[in-house]
Structure formats: structure tokens, C-alpha cells
Amino acid sequence: MPVEPKFGVGRVTRFYVPLMLQGFAQSLSYPLVAGIVTHGVHGVNALTAFSQGLMIMFMIGALGLGLVTTGMVFAKTWLGYVTFRRLNALMMLVLVSLQCVPALPPFNSWIFEGFFNLPLDLAEVSRWTLVLGSVMNAGFFVRNVPMVVLFNNLESGKANTATLLRIAATLACSAVFPRIGWVGPYWGLLALTFGVWLETIVTWFYARPFVAALPNRPKQEGGAMLPLPVSASSLLVEQFRFTLPLALGGFLLACSPLVIAAFVSRSADAADMLAIHYVTLGVANPVSFAALRIQTVAVKFLPEYAGDRRLLVYAVVVGLLLGIIPLAFATPLIGEWYFGEFQNMPPRIIGTARLAIGIYSLICVIHAVRARIEGIAAARKRPRAVMWGQIAYTTALFLVCAALLPIGCPGWVIAISAIFVAPICVTIAVYMALAHE
Numbered sequence: 159m160p161v162e163p164k165f166g167v168g169r170v171t172r173f174y175v176p177l178m179l180q181g182f183a184q185s186l187s188y189p190l191v192a193g194i195v196t197h198g199v200h201g202v203n204a205l206t207a208f209s210q211g212l213m214i215m216f217m218i219g220a221l222g223l224g225l226v227t228t229g230m231v232f233a234k235t236w237l238g239y240v241t242f243r244r245l246n247a248l249m250m251l252v253l254v255s256l257q258c259v260p261a262l263p264p265f266n267s268w269i270f271e272g273f274f275n276l277p278l279d280l281a282e283v284s285r286w287t288l289v290l291g292s293v294m295n296a297g298f299f300v301r302n303v304p305m306v307v308l309f310n311n312l313e314s315g316k317a318n319t320a321t322l323l324r325i326a327a328t329l330a331c332s333a334v335f336p337r338i339g340w341v342g343p344y345w346g347l348l349a350l351t352f353g354v355w356l357e358t359i360v361t362w363f364y365a366r367p368f369v370a371a372l373p374n375r376p377k378q379e380g381g382a383m384l385p386l387p388v389s390a391s392s393l394l395v396e397q398f399r400f401t402l403p404l405a406l407g408g409f410l411l412a413c414s415p416l417v418i419a420a421f422v423s424r425s426a427d428a429a430d431m432l433a434i435h436y437v438t439l440g441v442a443n444p445v446s447f448a449a450l451r452i453q454t455v456a457v458k459f460l461p462e463y464a465g466d467r468r469l470l471v472y473a474v475v476v477g478l479l480l481g482i483i484p485l486a487f488a489t490p491l492i493g494e495w496y497f498g499e500f501q502n503m504p505p506r507i508i509g510t511a512r513l514a515i516g517i518y519s520l521i522c523v524i525h526a527v528r529a530r531i532e533g534i535a536a537a538r539k540r541p542r543a544v545m546w547g548q549i550a551y552t553t554a555l556f557l558v559c560a561a562l563l564p565i566g567c568p569g570w571v572i573a574i575s576a577i578f579v580a581p582i583c584v585t586i587a588v589y590m591a592l593a594h595e
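Under the working numbering, the first residue of the sequence shown carries the number 159, and numbering increases by one thereafter.
Among the hints, erroneous ones may be present.
As the list claims (entries may be wrong) - Each computed BS3-like pair below joins lysine-lysine, with the alpha-carbon atoms no more than 27 Å apart:
1) Lys539 <-> Lys234
2) Lys164 <-> Lys234
3) Lys539 <-> Lys164
As the list claims (entries may be wrong) - The following label-pair restraints were derived from C-beta to C-beta distances:
4) Ala561 <-> Arg375: 53 to 63 Å
5) Gly201 <-> Pro373: 52 to 62 Å
6) Asp279 <-> Arg375: 50 to 60 Å
7) Val293 <-> Pro373: 32 to 42 Å
8) Thr553 <-> Leu278: 29 to 39 Å
Honestly, the hints are just simulated from the structure, not real lab data.
Computed from a predicted model, the values in this text were never measured in an experiment.
Built from N, CA and C at the ideal position, the CB exists for glycine as well.
Start from the sequences, fold in the hints, and give me the full structure.
Have a look at this one:
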């Protein structure tokens, strides 16, 4: 069995920096293709429809959100790896199929025209983004297996290299597509999908030698692999039971943007408010996901003694440093170019977008602290604590939105308030759950 590493600032940083870049780069794909999406016939409003289709995809895909954590805990031997690979494949087949259900009548009109309050033409954009996005979502699931292998071998740098290739491919598409007239949501989705599958293939290539070296791998006889022991079935059930609370919590967590969108779409100047919300999240989400990678670090670098808070201090410092990035987008030099020229936002809302992204610079600290305690809970095989935290996240989001909308708060203020309060509630809930289990 692999020996878990000891804490050291240099050692943790070498493991975390590739993860940070990966989390940042993965989320960066979406604002990159926004330049393709917003220059189509529907303008910046297409980004709203495009994002809402993707949100449903991520919401359903989030039922598999705990798979990487499950793999990091269980897939350290050949039997654990093969069992995890089977669990991942089964969940992929079920969830990718389920993803297409909301696009079928009558669900499509209930969801896109009713819940999201979209006009018919934009509702169709959301619907087809969801259906065609199933190809991309399958790529995310396939990528889980080699990514787990690389993380368990502290090879986050190789996973990061694959992600950087994905970003390079997406960036190339975002530069080339508008020049040749390939604009609109479907071309944006093609750019995303191509990048995801390129990353998946490269990640598999990097993981192959580590898979071959897994402990307890059965010997070959006559070129054929020996059958797996009967215990594999019970291990599959054990892994599924571990994943289930994480899956439920992940589903609730992914519902959160849908909850926010439903309230913001009913605020005054809803189209402008949604545009501000989605475009600023395109900047805030990459750094937030980079901060959330502290969870993976916490799984590998557990506290070594009672009261060991070295990783907590490390998380706070990381969050402060990451917050510099959205703060830069609040400046006139970068903000005016990004929101005005690149994202094609109307001049009347650029100032508000710059103010919003400046406020978001503080969210990284909250996410980094939250990620640390979630990682500790997962490593201790207490996924219910993580699930309770994610339930708290969704509940807090709903309550904040429900309280602010009736008193006439602008939609962007509703979104930011909910996004700040919710992760604080996660952190408190996970701490309490760990204390009482």
C-alpha cells in the first residue's frame, strides 16, 4: 500500500500547484468559449441559455462528483482499481442517459420555458446544449479513472499537463472559430467537447505505467488475466455506498446555480442581471475551483497530531493569493476590455460587472478553508459529513435568495450574497458533523 506523505510546505506546494492550475484551467474553458457563444445571432443572451443547459448537465453529472474522492480512497490496489473502474463506467452509462431526459417533452417546456423563464428561441438553445453536451460529460467520466491513478501517485503535474493541453486546444478554437464565422452556442460546445476528450486521452496515456504497477495485480496465464475474486462484488457495493452520500451532496451542490438563476431571472432587469451573473462567474469560478483543490491536498496530507492546523493556514494564504486574480478584473484596464470587448456586454452594465467581480475576490479564502475540512472528512471515510455540508450549501443559497428577492435587491446582489453565505454554512456544517459522528 502507498505510504501517505508527511506535511511540508514545499511538498504540499509541489502537489497543490498543478492541482490549482488544473482547477483554474478547467473552469477557464467556459469563459474562453463565451467569446464564441456571445458573437452569434442571440448576442450575450445566448450565454445565459448556453450556461443554463450546461448547468443541468453538471447537475446530473454531479451525482458522480464523489467518484474521484472514492477512487483516491479505494483504488490503491489492483482489485480496488478495477472495482472503481467498473463503478465509474456504470454510473457514467446511467447518468449520461439521464442527462437527455429533461430535453424530452414535456419536461423541456416545463424546465426551460417555465422554470428558467426563457423565451422559446433561447429555450431551444438550452435544450440542445444539454443533449449535445452528453458527449462532453462522458469524457469527464472516462477521465476519472486515470486521474485517480495519477493523484494517488502524487503525479498531479501530469494531470495538469493534460489539462493545459485541453485549455490550449480550447483557446485555439476560441481564436479561430470567430474568424471563420463559427460562432454561437453549438460551436462553443464543440470547442469544449474537443478539449475535454483531448485531455482524457492524454491523461490515460500518462496513467498507464502506474496502472501496471498497482499492488496485488494478478499474474497472467497464457496471455489472459486471471478472473477477479468473488470479493470484487462486495467491494463494488462498498465503494458505491461510500460514493452515495457524496453523490447526493454533489447533486444538491450542482442545483445551486439553478436555484440562483431561478431567483435572478425574476428580479428587475432580469436579462442584464443574468448576464452580469454568468459573465462574472466566468472569472470567479476558475479561481474558486482552484481553491477547492485544497480538498485533494487534504485527502493526501492529513493532520499528523491533535490540533495540527498547518494546512488550514496554508489554505488561507492560498485563498488570499488567488483572490488577486478576480480583483484585477475589477480594474478599468482589464475589466473594460474583458467585459466590453471580449464578452460583448452592453456598456450600461460593465461598471456593475466590475464591482461584482471585485467583491468575488474574497470568496477564494472561504472555499479554500471549506475544501480542507471536506478533504479531511472524506479521507476519514465519513462522506456523510461532506453530504451534510452540501445540503447546508443548497439550503443557505435558497434561503438567502428567498429573503432578498421580495425586498427588491438587484439580481447580481442576490447572487453574490448567496454565493458568499453558502460555503460558510458548508464549513460550519462539516465541522459540526465530524464532531458528532
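Ascending list of hint numbers which this structure does not respect:
Checked against the structure, no hint fails, so every one of them is satisfied.
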